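J.: Order-wise, the sequence lines are chains A and B. In terms of the working numbering, the first sequence has 100 at position 100, counting the first letter as 1, and numbering is strictly consecutive. Going from the second sequence to the working numbering is simple: count from 1 and add 1000.
Honestly, I wouldn't trust all of these hints.
[Stated by the list, open to error] Negatives, chain B to chain A, calculated, CB over 12 Å:
| # | residue |
| --- | --- |
| 1 | D1099 |
| 2 | M1175 |
| 3 | I1202 |
[Claimed, not checked] Straight-line distance between alpha carbons at most 27 Å, and here's what the computed DSSO-like set of lysine-lysine pairs gives:
| # | chain 1 | residue 1 | chain 2 | residue 2 |
| --- | --- | --- | --- | --- |
| 4 | B | K1058 | B | K1187 |
| 5 | B | K1198 | A | K88 |
| 6 | B | K1143 | A | K88 |
| 7 | A | K89 | B | K1029 |
| 8 | A | K89 | B | K1187 |
| 9 | A | K59 | B | K1010 |
| 10 | B | K1010 | A | K54 |
| 11 | A | K16 | B | K1011 |
| 12 | A | K109 | B | K1005 |
| 13 | A | K64 | B | K1005 |
| 14 | A | K59 | B | K1005 |
| 15 | B | K1143 | B | K1031 |
| 16 | A | K15 | A | K54 |
| 17 | A | K59 | B | K1221 |
| 18 | A | K109 | B | K1011 |
| 19 | B | K1029 | B | K1159 |
Read the hints as simulated data drawn from the structure, not as lab findings. The model shown is predicted, which means the values in this text are computed figures rather than measured ones. Yeah, the Cβ is synthetic: ideal placement off N, Cα and C, and Gly gets one too.
What follows is each chain in one-letter form.
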Amino acid sequence: MHELGIVFYIIRDVKKAAQENGVEHVSAVVMNIGEVSTIIPEYLTDCWRWAADKEEMLKGCELKIEPIPAVTHCDGCGKDYPTVAHGKKCPHCGSEQTWLLRGNEVEIKEIVVPQNK
Amino acid sequence: MENVKIIEIKKSVFEDNDRAADALRGELKKKGVFLLNLMSSPGSGKTTTLIQTINRLKDKIRIAVMEADIDSDVDAIKIKEATGVESIQLHTGGMCHLDAEMTEQGLSNLQFTMHNSQCPDLVILENVGNLVCPAEFDTGAVKNAMILSVPEGHDKPLKYPLMFSICDVVVINKMDVLPYFDFDMEKCKEYIHMRNPKATVIPICARTGEGVDVFANWLLKEVENWKE
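The shape of chain A in the complex, shown without the other chains:
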């Protein structure tokens, strides 16, 4: 359900970008999805299939997901570590003065457009 709401946003942005570029049909949309973005990739692609096929411009268009691993930075010791394995607490020094460096992305990276010769 949450993924479907996101899909509606993706469709809106993709249609806008396609129109700006004079594109009539999009064959693939590539997403960057962060590991801790709370998006479940399979749900996103399922919702995408259902919703995209209702749009003339996006019929059969594939949603490709490029995951971005989550990395947290520790202000205590200055090191980075994988977020999912260790959470808020730095595995190097035990500090909790840490913040997410990346892994929260829900981003449209690019669209793929078929070319007629």
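Use these hints to put chain B onto chain A, whose structure you have.
T.: Just chain B now, with coordinates in the frame of chain A:
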């Protein structure tokens, strides 16, 4: 193989909404209208808390309420009957959250905002009962509040980190049933502050009214600050 062209977009899905939300906040600032986005799970007591809070504030400031639900208008009617303030129902059409655009549309349907001199001081948006999606979409509200009820458990901040990290105030409701649940208040506060060190935590019981004054005073102060 088919020739393809790749068009780079590099754009967050939330970007347009974030921009619309900032614009809406700017507009509200000009008009001196404070918008509170109230979120929680279904059944945490949002509507009862609102009724209690509004009845404590309605003689001091002008208040309007927007109830967002997937369907039905029971909440909007309940608020209107119990408080007498203007209360409208927004339907999200199946969506699990409200975004800035829907919020703006809702505001334009309030009788109050049509006449500038009669702008409400406070508009409360009761978001769809859900701890995931509403946290991702900025509604344009000045402050975010959430209600966590005792039966839901003290570990919710661990399970729904984003919701707790964006909330300025967390109201712990249904304090009257505390003896019957394994709800650890100290742990709960610790978990909330792990996600958001600045969050204000206010324990209440909406049914008996206990603690509601504290929340009402917090809200009144925020409304006054916004008007400065």
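J.: What hint numbers does the structure not satisfy?
T.: Checked against the structure, the hints that fail are numbers 1, 4, 7, 17 and 19, while the rest are satisfied.
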